[in-house]
Amino acid sequence: MTKTRQGLIGGAFGALAVLGLTQPLAAQDDKLLMVTSTFPMTSPTPYAESNAQMYSVWCQTYGCLGRYNYAAKEYQGILVENWEVVDPTTWRFKLREDLVRHDGGPGPTTADVLHSYDRVLNDPASIQKNIFSEVETIRAVDDYTFEIVTKKPLASLLSYIFDRFIITSAELAEANENPDEDAAFGWGPYKLASYMLDQEIALEKNDDFPGISADAPDTAVFRQIREAEQRVTALMNGEVQIARLIPPQLVSRLEGNDAISLAQSPSIEPMFLAFNPKFEPWTDKRVRQAAAHSINKDLIIDRFLMGLADKMDGPLGEQQICYTGPLDFVIDYNPEKARALLAEAGYENGGPKVEFMTASGRYISDRQVSEIVTQMMTEVGFEVDLQVPEYANLTAAMRAGELPMYYLGRGLFLDPSEPLSQYLETDVTQRIGYSSPELDALLQQERQTLDFDERCKIVRQAAELIAEEVPMFFMWSHRLVHGVSKGIEWDASADGEIWLSDVKM
Amino acid sequence: MLHLITTRLLGAIPVLLLVTMAIFGLLRLAPGDAAELLLPDDATEEQIAETREAWGLDRPIWAQYGQFIGNLARFDLGESYRYRAPVFELIGERLPATLELSFYALVMAIVIAVPLGMIAALNKGKIIDAIVSVISISGVSAPSFWVGILLVLFFSGYLNLFPSSGRLPYGVSVPSVTGFVTFDALIAGSFDTFLQALKYLALPALTLTLAMIGIISRITRAAVIDAGQEEHVFTAVAKGMKRGTIVRRHLMPNAAIPIVTIIGLELGALISGSIIVEVVFSWPGIGTLLFQAISVRDMPLTTGAVASYTILFIALNLLIDIFYVLIDPRLRGHKA
Amino acid sequence: MTLSSDTRPADGTIAGQNAAPVLSARNLSLYIREGRNRIRIVSDVSFEIAAGEFFALVGESGSGKTMIARSIMRLLPASMLEIEGDLEFCGKSLTSLPENRMRALRGGAISMIFQEPMTSLDPLMPVGRQIEETLELHSDLNRRQRAERIETLLTDVRFAEPAKVAAMFPHELSGGMRQRAMIAMALANNPQLLIADEPTTALDVTIQREVMEIIQRLRRKYGLSVLFISHDLSLVHQYAERVGVLYGGVLMEAGPERDVIGRSAHPYTQALLNCAPGRRVAGERRRGIGGTVPSPRDWAPGCRFRDRCERADAACANSEIPVKDLSPEWRAKCLRPTE
Chain A
1 MTKTRQGLIG
11 GAFGALAVLG
21 LTQPLAAQDD
31 KLLMVTSTFP
41 MTSPTPYAES
51 NAQMYSVWCQ
61 TYGCLGRYNY
71 AAKEYQGILV
81 ENWEVVDPTT
91 WRFKLREDLV
101 RHDGGPGPTT
111 ADVLHSYDRV
121 LNDPASIQKN
131 IFSEVETIRA
141 VDDYTFEIVT
151 KKPLASLLSY
161 IFDRFIITSA
171 ELAEANENPD
181 EDAAFGWGPY
191 KLASYMLDQE
201 IALEKNDDFP
211 GISADAPDTA
221 VFRQIREAEQ
231 RVTALMNGEV
241 QIARLIPPQL
251 VSRLEGNDAI
261 SLAQSPSIEP
271 MFLAFNPKFE
281 PWTDKRVRQA
291 AAHSINKDLI
301 IDRFLMGLAD
311 KMDGPLGEQQ
321 ICYTGPLDFV
331 IDYNPEKARA
341 LLAEAGYENG
351 GPKVEFMTAS
361 GRYISDRQVS
371 EIVTQMMTEV
381 GFEVDLQVPE
391 YANLTAAMRA
401 GELPMYYLGR
411 GLFLDPSEPL
421 SQYLETDVTQ
431 RIGYSSPELD
441 ALLQQERQTL
451 DFDERCKIVR
461 QAAELIAEEV
471 PMFFMWSHRL
481 VHGVSKGIEW
491 DASADGEIWL
501 SDVKM
Chain B
1 MLHLITTRLL
11 GAIPVLLLVT
21 MAIFGLLRLA
31 PGDAAELLLP
41 DDATEEQIAE
51 TREAWGLDRP
61 IWAQYGQFIG
71 NLARFDLGES
81 YRYRAPVFEL
91 IGERLPATLE
101 LSFYALVMAI
111 VIAVPLGMIA
121 ALNKGKIIDA
131 IVSVISISGV
141 SAPSFWVGIL
151 LVLFFSGYLN
161 LFPSSGRLPY
171 GVSVPSVTGF
181 VTFDALIAGS
191 FDTFLQALKY
201 LALPALTLTL
211 AMIGIISRIT
221 RAAVIDAGQE
231 EHVFTAVAKG
241 MKRGTIVRRH
251 LMPNAAIPIV
261 TIIGLELGAL
271 ISGSIIVEVV
281 FSWPGIGTLL
291 FQAISVRDMP
301 LTTGAVASYT
311 ILFIALNLLI
321 DIFYVLIDPR
331 LRGHKA
Chain C
1 MTLSSDTRPA
11 DGTIAGQNAA
21 PVLSARNLSL
31 YIREGRNRIR
41 IVSDVSFEIA
51 AGEFFALVGE
61 SGSGKTMIAR
71 SIMRLLPASM
81 LEIEGDLEFC
91 GKSLTSLPEN
101 RMRALRGGAI
111 SMIFQEPMTS
121 LDPLMPVGRQ
131 IEETLELHSD
141 LNRRQRAERI
151 ETLLTDVRFA
161 EPAKVAAMFP
171 HELSGGMRQR
181 AMIAMALANN
191 PQLLIADEPT
201 TALDVTIQRE
211 VMEIIQRLRR
221 KYGLSVLFIS
231 HDLSLVHQYA
241 ERVGVLYGGV
251 LMEAGPERDV
261 IGRSAHPYTQ
271 ALLNCAPGRR
281 VAGERRRGIG
291 GTVPSPRDWA
301 PGCRFRDRCE
311 RADAACANSE
321 IPVKDLSPEW
331 RAKCLRPTE
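Protein sequences, first through last, are from chains A, B and C. Just so you know, we're using the numbering used here here: the first sequence kicks off at 1 and counts up by one. Just so you know, we're using the numbering used here here: the second sequence kicks off at 1 and counts up by one. Just so you know, we're using the numbering used here here: the third sequence kicks off at 1 and counts up by one.
In short, the hints are calculated from the structure, not lab data. For each residue, glycine too, the CB sits at the ideal point set by N, CA and C.
Pulled from the structure, derived: some chain C residues nowhere near chain B, Cβ distances all over 12 Å:
1) P21
2) T206
3) R209
4) D232
5) R258
6) T338
Using 20 Å as the maximum straight-line C-alpha spacing, the simulated SDA-like pairs for lysine to any residue come out as follows:
7) A:K504 / A:A214
8) A:K31 / B:Y170
9) A:K353 / A:E383
10) B:K242 / C:S139
11) A:K31 / A:G238
12) B:K242 / C:P98
13) B:K126 / C:L81
14) A:K152 / B:D42
15) A:K311 / A:F329
16) A:K152 / B:E46
17) A:K151 / B:E46
18) B:K242 / C:L76
Using the sequences plus the hints, can you model the full thing?
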């Protein structure tokens, strides 16, 4: 080829590239990580959603106070460098001073914290108000120090806010009408590069973040793939490098594949059966215990869930805060005892008729597990009418306290304090309709006990009580299985989310 | 013709009103509401009540409906509870994707099914006729989402020929002119992107096509057989015309009328089928939007999406009626 | 027994009577195929049409006359209609003709017009274009010449504005106009034989007359032979030169019109004529023929008409009824024809 032709072609190509009409060719050492999304993104506003993935994404981009490191089992600050409890209702936080905003602006200040607090409570798009349900106010001490004042002494404050309080810039909000869309700059280890609602979120590494690893991906893309089959196919095709939440029945397809390794992590979403004492026959504790004794959890876990679940005896499993070992009171698999209890309760000639509601497809194998449970209960004498309403209908009825018995999971169950209160404390909600002054007292007390070990003793007592009274029968928490391409190192954590800075490529 | 178009457009208004009314009613009557479903698991009852109030969900049903109609009259479809963005915008962004998918599915279906039906009709009673019958019946019987997943497993998972979901690979984009990624890619001169877009279209469009091939080919076969028995075909034979010419000039134009009719009817199936297919393939169209909207009782978005589908359906049927008038001179209204 | 208006040439001669026959059928049998089986619907029919002659084939519905008309040009494929016997056109065999040669004849030397003008023309194509199609096939006129020819043809069939009509669609024309257009189309390539399958049955009486006049005039002008299929005896009486009477797929009587219709020898012909409205004697009820036409499946040996015949006896059930020659041109298939 003559020089002129080469020049022409090169020039043409260059021109095209400038016009953005050719495909962007990734630079040689650009590390691109494609992962499947677990929740679709519905809005660029960081306060508009409340699910584990989006909290994780916003924490890594805008930044939140910090995160819970499941491997190290401790809270670690992202925007804050330390914190302390000043008095029973006051927690003081100190912001880092070594951070630079993604557009070059200044690091986070108390003004930003107060602005964000205001947005959480008052932004019309915000659905995160509940994180401050126990908070009285937030006040400034100086430019980098602020205090959070709780309504009552609250030992579990961090579980409410630490990795959920997203800090956005007050300055940018003032200068832009739509800062979330036009000026999405934060202080986190990754920057929000682009997004397509419901489809895709792309994050780029913030090379200026102190201590960011060179092995971490330069670009990470979360792709929304709804069907589990598709996720597996996409992983095997090389379209994604991490496919999350593989259901047990598809795991075998990936097992023999040399290019893929399976990462397992425990989860913090216990699955439980609820027996509402406001409905017959569940008023009688013996009947509740009988139902619990009839269930062979080991069999279900081994044979049906392919071992991909961690059995729980009560609200405290290994992943939960305050876990110190197995409980003393355990309801084991004992059909004889179940029948005896039923006879004692007056059902010697055929057990009670009960209605049992479950979701289908919302939790791993939920409907199938319910069918197995139905079978097991029938064997000891219950007459079970299993119903599978649409999920929205199910939750509506559950919240209204209309369901006598149901099988459900409860997510974000790291610290048991808040969920137990929600389900079992008198008059907090109608979900199970259980009321015990003894339990109420324990729960209130533990909330206010700021000393960690003391608090956990009380939590254990509550757990033992719940295990015996069994208004909620804890079954297991599923193990999350994720498929990972060879060449990617990722330690899957219990919330199933990906902390990009820890990923090695 | 103008008369036809005007009557149709005017007739669309009561249809839309009825449809939106029905959706509104059904969603309100269904248990569960958007506030409960969209707020997180640990939201307090007060927060749920607050949100409900903010969205007007706590007012009596006739008051809500009144406001809804009032907004509708101003072409205000409201704001989606889930996305917190105007419904109009959301739908406008997603509509081209749905249209593109439907367009290719329909074109593929016609291009495959009509010749198949013709071949079956012209070889009536022979083996090829039976083969086409079997294909048609399978197409009619198999549910689209099942077919879709099978296609993915085979062509994408096993053969690695096509991607499994989405519309374009990460990082690839084209300046939007028509909204159809394929056309826009050609307009922008990027043949590579055009091919890629086609690859992503292939499996979802094929899923929809297979569902339609069955009935279109069967009707084509019947229409061609019927047309072949019409008297003027004898006249054409008596003039000494060759079989092929008769088929081309006299048979097919006459058979086109029932074929186009059935295609018009199939459009309904195409549109409803596309919702499932979009969900399975994560195709960014109105279907996924609608699917999600219903699960969280997002009334404004559900209504907006269903209204869009209704309008689409009416528009397509109008096009078909215009097509009839163009090909059938008997509909043009002058008599001797 | 004379009927109203007699339009035959006064001297009783028929043009070209002594030339070779344009169409001759000898022992023609037709079978309809149903899968493996075939059903005989026409048995052993023989007749001839001379050049320029108007030959009428009459019979009730189901007699097989339409099938004979369609068999001449092999309009139905062999898989549907089987032809046995001889069919010759101007001395050349039609039955052994390969398909492409047959196509050359269709619309060229032989053409056909049909009963239902409403459905016999393609509703989606202008009339002129449909005529042009046949010109394209059988002539090498160029575009302009074709357009001129179409105008001439349409004028011939008495259209006042031929250019306008050529641009019209069939539904824009009345029944009579459509039939006239069909005639124009049939005569486009100057055929020697025109097969008219009940062309006026679907038309009003007044229009019927118009159409028949046109056929007659064009026939004389171009020396055209006409095979006229009908069940309308008054038309046959007015225009036919020779007549064949068909019943149950069998030619019962054939000969000059004045003999077959005027005098009639076969009991079936006589019964038919007695049914005709014009024949009714004042005060008498019009007589139908008792019974119904037997379906081809029920054909038994012997005379097909014997169950309905007034003169039948046991001998009529014998296998073969002889054809009796009543004159060199007139014959009847009966044991007891009257003179």
